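Each residue of the sequence shown is one higher than the one before, counting from 14 in this note's numbering.
Simulated from the structure, these hints should not be mistaken for laboratory data.
The model shown is predicted, which means the values in this text are computed figures rather than measured ones.
With a straight-line cut-off of 30 Å between C-alpha atoms, the simulated DSBU-like cross-links for lysine-lysine are:
1) Lys270 x Lys34
2) Lys91 x Lys133
3) Lys338 x Lys290
4) Lys34 x Lys87
5) Lys15 x Lys36
6) Lys227 x Lys108
7) Lys15 x Lys358
8) Lys15 x Lys132
9) Lys63 x Lys36
10) Lys132 x Lys358
11) Lys325 x Lys290
12) Lys133 x Lys87
13) Lys113 x Lys218
14) Lys113 x Lys132
15) Lys46 x Lys108
16) Lys347 x Lys63
17) Lys91 x Lys36
18) Lys133 x Lys358
Distance ranges between label pairs, derived from CB positions:
19) Asp70 x Leu170: 39 to 45 Å
20) Gln321 x Glu221: 31 to 37 Å
21) Glu221 x Asp20: 48 to 54 Å
22) Trp229 x Glu353: 51 to 57 Å
23) Gln200 x Lys87: 51 to 57 Å
24) Pro142 x Asp76: 18 to 24 Å
We treat Cβ as the ideally placed atom computed from N, Cα and C, and that holds for glycine.
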Amino acid sequence: MKAAGYDVHLVVADGKGDALKEKVHIVDAGLVKAGRLARMIYGTRQVFRKALALEGDIYHLHDPELLPVAVKLKALGKRVIFDSHEDFPADIMSKPYLGKAARILVSTGFSVYERRVCKKLDYIISATPAIKNKFNAIGCSSIDINNYPLSEELADLLPWDADRDTVCYIGAMTSIRGVPQLVDAMQEVRTPSRLALVGRFTEAKTGEICKSNKGWHKVEEHGFLDRNAVRSIMSRSFAGLVTFLPAPNHVDAQPNKMFEYMSAGIPVIGSHFPLWKEIIEGNNCGICVDPEMPASIAEAISYLAENQQLAKQMGANGRQAVLQKYNWDSEALKLIDLYERILAK
14 MKAAGYDVHL
24 VVADGKGDAL
34 KEKVHIVDAG
44 LVKAGRLARM
54 IYGTRQVFRK
64 ALALEGDIYH
74 LHDPELLPVA
84 VKLKALGKRV
94 IFDSHEDFPA
104 DIMSKPYLGK
114 AARILVSTGF
124 SVYERRVCKK
134 LDYIISATPA
144 IKNKFNAIGC
154 SSIDINNYPL
164 SEELADLLPW
174 DADRDTVCYI
184 GAMTSIRGVP
194 QLVDAMQEVR
204 TPSRLALVGR
214 FTEAKTGEIC
224 KSNKGWHKVE
234 EHGFLDRNAV
244 RSIMSRSFAG
254 LVTFLPAPNH
264 VDAQPNKMFE
274 YMSAGIPVIG
284 SHFPLWKEII
294 EGNNCGICVD
304 PEMPASIAEA
314 ISYLAENQQL
324 AKQMGANGRQ
334 AVLQKYNWDS
344 EALKLIDLYE
354 RILAK
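Generate coordinates for the entire structure from the input sequences, incorporating the hints supplied.
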């Protein structure tokens with residue numbers, strides 16, 4: 014928005030003080046040094062006061078914890094947008110630390126609250142078409158603005174001059190993202206390929222399960238790596254893995270990592286969700302598999318390892334799709350147009 018000529022103020026609550034970065038004004042509401050509940054109560058109150066003092070023409074909120082702020086701003090006649098990055102009620106249903114009854118109760122309660130609040134706002138920006146459809150169905154004005162990568166931040170096309178021996182997974186390593194199934198699949202892969210895991214296990218139990226699996230001897234665990242090191246991993250990978258399990262908030266998501274693999278020119282092995290199949294199979298840039306079946310994952314890995322000219326062509330197809338369709342340029346125009354329409358009201 015700054016590039017489009019808007020005066021942008023970003024209200025945060027990190028306690029690091031106000032700043033000016035790349036001509037964007039960072040306004041610090043202060044850090045609440047207490048538990049999550051206290052931050053939700055007192056932190057949102059501080060954010061509201063700071064935001065109101067700015068006398069903005071448009072208030073664009075991204076965090077569901079700030080929905081009470083949205084209500085207050087709207088009651089004062091302000092123009093308010095809520096940016097729904099994910100289907101939050103569905104996400105709550107996937108929380109492993111909540112029991113089944115608690116998940117249903119919290120998810121249902123938040124869904125009712127979200128509907129009541131969002132109907133009062135000027136517009137809902139949705140990260141995917143499915144989220145947009147959800148809000149439109151309850152009478153909200155909603156548009157999908159996809160979080161595609163910035164053109165200037167696309168990975169460079171990596172040379173593919175010889176057969177590669179690695180398949181990579183880059184990101185948070187959790188059970189819901191299907192990492193145990195990836196490790197299990199490696200013992201069934203027909204070729205001497207290796208799995209490079211880049212990231213950290215955020216669940217101790219998941220790490221223990223993976224490391225005790227017979228497929229672990231074909232795994233390279235790298236931990237967090239900088240961009241150059243990640244690029245090096247991808248330069249020797251014949252495919253990138255994004256085989257999330259079918260949690261409610263995964264099925265209609267569009268993982269950034271998928272587009273990172275595509276921009277680097279390596280094929281994607283992804284979950285066989287309808288939206289993902291549309292992207293991966295629709296652009297002939299990879300293979301979709303059943304993420305809960307290690308044998309399905311192993312077959313895709315083996316096939317691409319054995320057919321690397323095809324894998325190379327799939328990677329090139331993915332790269333072209335990102336350059337032509339799945340980048341931020343067209344989405345930015347949608348956002349600017351939305352702001353202009355709201356301001357014209």
